[in-house]
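Chemist: Assemble chain B onto chain A, guided by the hints.
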Amino acid sequence: LAKTTQPISMDSYEGQEVNITCSHNNIATNDYITWYQQFPSQGPRFIIQGYKTKVTNEVASLFIPADRKSSTLSLPRVSLSDTAVYYCLVGDRVNNDMRFGAGTRLTVKP
Amino acid sequence: ETGVTQSPTHLIKTRGQQVTLRCSSQSGHNTVSWYQQALGQGPQFIFQYYREEENGRGNFPPRFSGLQFPNYSSELNVNALELDDSALYLCASSLARNTGELFFGEGSRLTVL
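Protein chains in written order, with the numbering used here: chain A, 1 to 110; chain B, 1001 to 1113.
This is chain A alone, in the form it adopts within the complex:
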């Protein structure tokens, strides 16, 4: 299963766009990419999922280049409530294994 690498932490200010990039160099052909958000003492919450190119939903966009060796989660106009840990995952369809990395701790400041 592909290992993921993300920045340990990031700081931003309210109203800014935040981009968090994840590296997954050994991603397999059928693997998918998923991002989760987690607040303290809560379970992770699904944000977005993609396989290639760009995916957008009501809360975020996910950019995946053609080689799929990385992906970027884009959060438009963050607010204080977006302060959380963000996890990039690569999912193995064959073994039904989805592994979380260490995550990126995003702090949004006023």
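Bear in mind the hints are in silico, worked out from the structure with no lab data behind them.
Just so you know, these numbers come straight off a predicted model, no measurement behind them.
Ideal Cβ positions, reconstructed from N, Cα and C, are used throughout, including at glycine.
Just so you know, not all the hints are guaranteed correct.
Said to hold, decoys possible - Looking from chain A toward chain B, a few residues come up when the C-beta cut is under 10 Å (computed):
{"id": "1", "residue": "43"}
{"id": "2", "residue": "93"}
{"id": "3", "residue": "97"}
{"id": "4", "residue": "98"}
Modeler: Same frame as chain A, now just chain B:
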């Protein structure tokens, strides 16, 4: 609210004891996955159950076992507890077994003394 409920929310055990954690999946979901999250770390995949059978397993020893029932609820059993088993145990349900969209419960916080 994800519709996934876990019990108990907190519990304390001593080394060598056994523990059972329970999870009720969201209505219509036939797949349940269990994760262990140590303090300050990301969740680690334990195993997944699909239609009452184990359908994938992470790097955990056999003393971590599970069950899924006909109503798709699930149990996680841990035998011979060790101090390092202290963690938040998360259950997640999903519509299918090979999807990345998981719906997590709030977890069961286990402390082993």
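Chemist: State for each hint whether it applies.
Modeler: Right, here's what the structure says about each hint:
Annotation: residue 43 (chain A) was flagged as interfacial toward chain B, and the flag holds, the nearest CB pair being 3 Å apart, inside 10 Å. The interface hint given for residue 93 (chain A) is met, as the beta carbon of that residue sits about 4 Å from the closest beta carbon of chain B, less than 10 Å. Using the Cβ-Cβ criterion of 10 Å, the hint placing residue 97 (chain A) at the interface with chain B is satisfied: the shortest such distance is roughly 5 Å. The beta carbon of residue 98 (chain A) is positioned within 10 Å of a beta carbon in chain B (closest approach about 6 Å), and the interface hint is therefore held.
In this structure, none of the earlier numbered hints is contradicted; all agree with it.
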